[in-house]
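Quick note, the sequences are listed as chains A and B, same order. Going by the working numbering, the residue at position 447 of the first sequence is 447; the numbering climbs one at a time, nothing skipped. Going from the second sequence to the working numbering is simple: count from 1 and add 1000.
The hints are simulated quantities; they were obtained by calculation from the structure and are not laboratory data. Any given hint might turn out to be false.
To be verified - Facing chain A, a subset of chain B residues (Cβ under 7 Å, in silico): (1) 1205; (2) 1206; (3) 1217; (4) 1219; (5) 1220; (6) 1283.
Claimed, not checked - Pairwise CB distance ranges (calculated): (7) B:1057 / A:388: 56 to 64 Å; (8) A:110 / B:1044: 54 to 62 Å; (9) B:1143 / A:134: 37 to 45 Å; (10) A:406 / B:1196: 30 to 38 Å; (11) A:326 / B:1129: 34 to 42 Å; (12) B:1167 / A:349: 55 to 63 Å; (13) B:1051 / A:403: 35 to 43 Å; (14) B:1331 / A:384: 36 to 44 Å; (15) B:1189 / A:384: 32 to 40 Å; (16) A:239 / B:1331: 45 to 53 Å.
The beta carbon of each residue, even a glycine, is placed where N, CA and C say it ideally should be.
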Amino acid sequence: MQETILLMKGIRKAFPGVQALDGVDLEVRPGEVMALVGENGAGKSTLIKILAGTYRLDEGEIYIGGQQVHLRGPKHARDLGVSVIYQELNLAEQISVAENIFAGREFKNKLGLIDYKTLYANAQKWLDTLHITGVNPRDEIRSLSIAKKQMVEIAKAISLDSNIIVMDEPTSSLPTVTTKSTDLNEVQVLLEMVDKLRKRGKAIIYISHRMDEIFRISDRITVMRDGKLIGVKNTGETNPDEIVSMMVGRDLKDMYGRPKAPAIGDVVLEVRNLNQGHRLKDISFNVRAGEVLGIAGLVGAGRSETARAVFGADARDTGQVFMNGKEVHITSPDHAIRAGLGYLPEDRKKAGLFLKMAVKTNVSAANLGAVSNGGWLNNATEERISREYVKSLNIRTPSIDQLSKNLSGGNQQKVVIAKWLTLKPKVLIVDEPTRGIDVGAKIEIYNLIHQMAEQGVAVVMISSELPEILGMSDRIVVLREGRLVGELDRKDATEEKIMMLATGVTSEVLV
Amino acid sequence: MKSDKTMTPPAETKRATFLHAVAGRLGWLFRVREAGIAAVVLILILFLTLATDNFGNAENLAIVARQIALVSILAMGMTLVILLGGIDLSVGSVVVITAVLIGKAMVNMALPIPLSILIGLGVGALAGFINGMLITRTGVPPFIITLGMMGLARGAALVITKGNSISGFPKPYLEIGQGYLGPVPYPVIIAAVLALLTHIMLSRTTFGRRIYLVGSNEEAALLSGVNVNRMKVIVYTLCSMFAATEAVVETARFSTAMGNAGTGYELTAIGAVIIGGASMNGGEGSVIGTLLGATLLGLINNGLIQLGVSSYWQQVFSGSIIILAVALDTWRRRSK
Chain A
1 MQETILLMKG IRKAFPGVQA LDGVDLEVRP GEVMALVGEN GAGKSTLIKI
51 LAGTYRLDEG EIYIGGQQVH LRGPKHARDL GVSVIYQELN LAEQISVAEN
101 IFAGREFKNK LGLIDYKTLY ANAQKWLDTL HITGVNPRDE IRSLSIAKKQ
151 MVEIAKAISL DSNIIVMDEP TSSLPTVTTK STDLNEVQVL LEMVDKLRKR
201 GKAIIYISHR MDEIFRISDR ITVMRDGKLI GVKNTGETNP DEIVSMMVGR
251 DLKDMYGRPK APAIGDVVLE VRNLNQGHRL KDISFNVRAG EVLGIAGLVG
301 AGRSETARAV FGADARDTGQ VFMNGKEVHI TSPDHAIRAG LGYLPEDRKK
351 AGLFLKMAVK TNVSAANLGA VSNGGWLNNA TEERISREYV KSLNIRTPSI
401 DQLSKNLSGG NQQKVVIAKW LTLKPKVLIV DEPTRGIDVG AKIEIYNLIH
451 QMAEQGVAVV MISSELPEIL GMSDRIVVLR EGRLVGELDR KDATEEKIMM
501 LATGVTSEVL V
Chain B
1001 MKSDKTMTPP AETKRATFLH AVAGRLGWLF RVREAGIAAV VLILILFLTL
1051 ATDNFGNAEN LAIVARQIAL VSILAMGMTL VILLGGIDLS VGSVVVITAV
1101 LIGKAMVNMA LPIPLSILIG LGVGALAGFI NGMLITRTGV PPFIITLGMM
1151 GLARGAALVI TKGNSISGFP KPYLEIGQGY LGPVPYPVII AAVLALLTHI
1201 MLSRTTFGRR IYLVGSNEEA ALLSGVNVNR MKVIVYTLCS MFAATEAVVE
1251 TARFSTAMGN AGTGYELTAI GAVIIGGASM NGGEGSVIGT LLGATLLGLI
1301 NNGLIQLGVS SYWQQVFSGS IIILAVALDT WRRRSK
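Could you put together the complete structure from these sequences and hints?
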């Protein structure tokens, strides 16, 4: 066995009212990828922030390279060789790759001005060392994709000579793609980079919700729950089911919990020949009452664009929308709502929630008519309806007056779902409904979607997670480059078939 | 991570319920964002009453109240715009163009008083409507559009008056600005009524709720079926109508209309709203806060005069107060 480079022992940390960490251990060796998993709120972020020097620990010991250390702050942690690459990436968007890599360590010439030639040359050297292609040191950060930005963060970490690299959900904003054709796939590139770092002898702490990645890349897995260490497993000796049940503290036979025979009714929503610039071309599909229609495709294939165009959030060039066989002319979300549609947007915080508003205000936001009389708000009705949904959707909030920004991701998503349920929609389009939320809340949302379908709602589900699409949908349509390229029935659909359609790569290449 | 596993032992339940009920009744005093500024206003009133000879007498109080009323009317319109996540720099100029046109109508053309006032309010509404339409149709930020309207409306006023002032308003009209109901000046009553209506509109109607929704998250409001563009046009129109109302009261108060009056009004109005705890990002703020903000600014102006401080210093103080208020509010939010 190799020696330990990082040892965190008996770490305890309390916040007002919460014991965030209750005696957690973490041990990582050089040349190892240690996956750190747990539901949201399990304490992963707190543990990492202690390692990064952002939080002080209450109790416990930290050893780096065998030496006990008392972290004084983020800079101290960095000097000791700890680099943390946060989910939201800490890069300055409007300056160059090279300036970001060497932020705070610029090369100066004799006049005290920045020596750009040396700066770019050195940045290129680090990019080359890591075989990062497609990134120019002169590029502005904002011109790069999320995956490329992560590469820049990694180059920065390596240039700082960090031996412990923490990656906090690096792929949460990237599409899951499970093909073997690497050039299409940003996740693949990222995972290969992690492997390269491992081969250079770095110790990597990899935080992710995605089981497939964890099992592809990690050597060991540390599982946390409710601020406690649940266990450490060798990746080769466990399986995703075991890890998930360790995370949630119970067995999960079938996450998607789909009822066996859904009663599928008539066509409720039909979209014909939807066109929008060069983004959407001739898209036609329908969805029936009680059915879950999955829309699969790579990022940029036009899935959200289709949803937004149908919902009237974006203009379309041509295209007809029929509800129960009758054509409806939807030119704004307002029209769409009146026609019986609902749309749960992809970006919960940007487009779904009113973060600074109370839970009850969010629940009533799309259906002010139901909580008012002639334009006058009826607070009692608003509170009653809001309490009903908080209860029936099991939204965990201290009160309906709580600001929605203070809720966890899963509960926030349930608030947005409640907002649409108050309207009793005939069709509900859900766009990445479980992105960035923990396993427990995911299951609750899957159950909600099933319940809606059982009540006769036609559900359209857009998702980048193939297991989710496969587990939930009765039927799947696949988009590629703005076109609908195929339709698969539940019983014929496989990840491979969807990916072939989504990427346009033929099976011979894939195998 | 939230833990609400606090259990109340049965014996204490009764007391806790009672305390909870009391806190429910009075707790708002401590919770509301306006509490801090209200405290400052009270302290300032107390200080000025004790430290100066004339602050507390009826005559001066009427002057202060009238001044605060004028600022409040303007600031209430600004509150709506800021709640929506916008800004309106043109209110001072709208005051001027309205004042000048009312003067033209009433003095030069001898039109009836009610008709002249209606013309004034109509002009205000039109200016705001143009602001709103330009903002929603061109997508140019409100800051730029209303900056343009600021120059445009003032320029128009100067063109119309050729730089001269209009005076000689009829006596009954001047009552609006100079008269009293008992000890209370009419402008104060007008401001109070408008404040009450605006407060009810914001807190009790779906229209008010939609203003908060748009200001809180425009995209989410749109996707929730709010007609965001229509809301913007209406709110900018309302804001300018508040400015026009202020113009009516002001011309009646000073019995004159000038093309070069009203400079810096937009800053005073924005200042009052911001001191009152509104967020420049929209979605946060209230009429009560704005009234307190306007009161604070009015008290500082009057207090400095009473204390014998040069009027040139007033703006220095007002500016400092704005920075201090926002800094304190930002700090308070961060510490939560």
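Hints versus structure:
no.	hint	in the structure
1	1205	holds (5 Å)
2	1206	holds (4 Å)
3	1217	holds (5 Å)
4	1219	holds (5 Å)
5	1220	holds (5 Å)
6	1283	holds (5 Å)
7	B:1057 / A:388: 56 to 64 Å	holds (57 Å)
8	A:110 / B:1044: 54 to 62 Å	holds (57 Å)
9	B:1143 / A:134: 37 to 45 Å	holds (38 Å)
10	A:406 / B:1196: 30 to 38 Å	holds (32 Å)
11	A:326 / B:1129: 34 to 42 Å	holds (36 Å)
12	B:1167 / A:349: 55 to 63 Å	holds (56 Å)
13	B:1051 / A:403: 35 to 43 Å	holds (41 Å)
14	B:1331 / A:384: 36 to 44 Å	holds (37 Å)
15	B:1189 / A:384: 32 to 40 Å	holds (38 Å)
16	A:239 / B:1331: 45 to 53 Å	holds (50 Å)
In terms of the numbered hints stated before, the structure departs from none.
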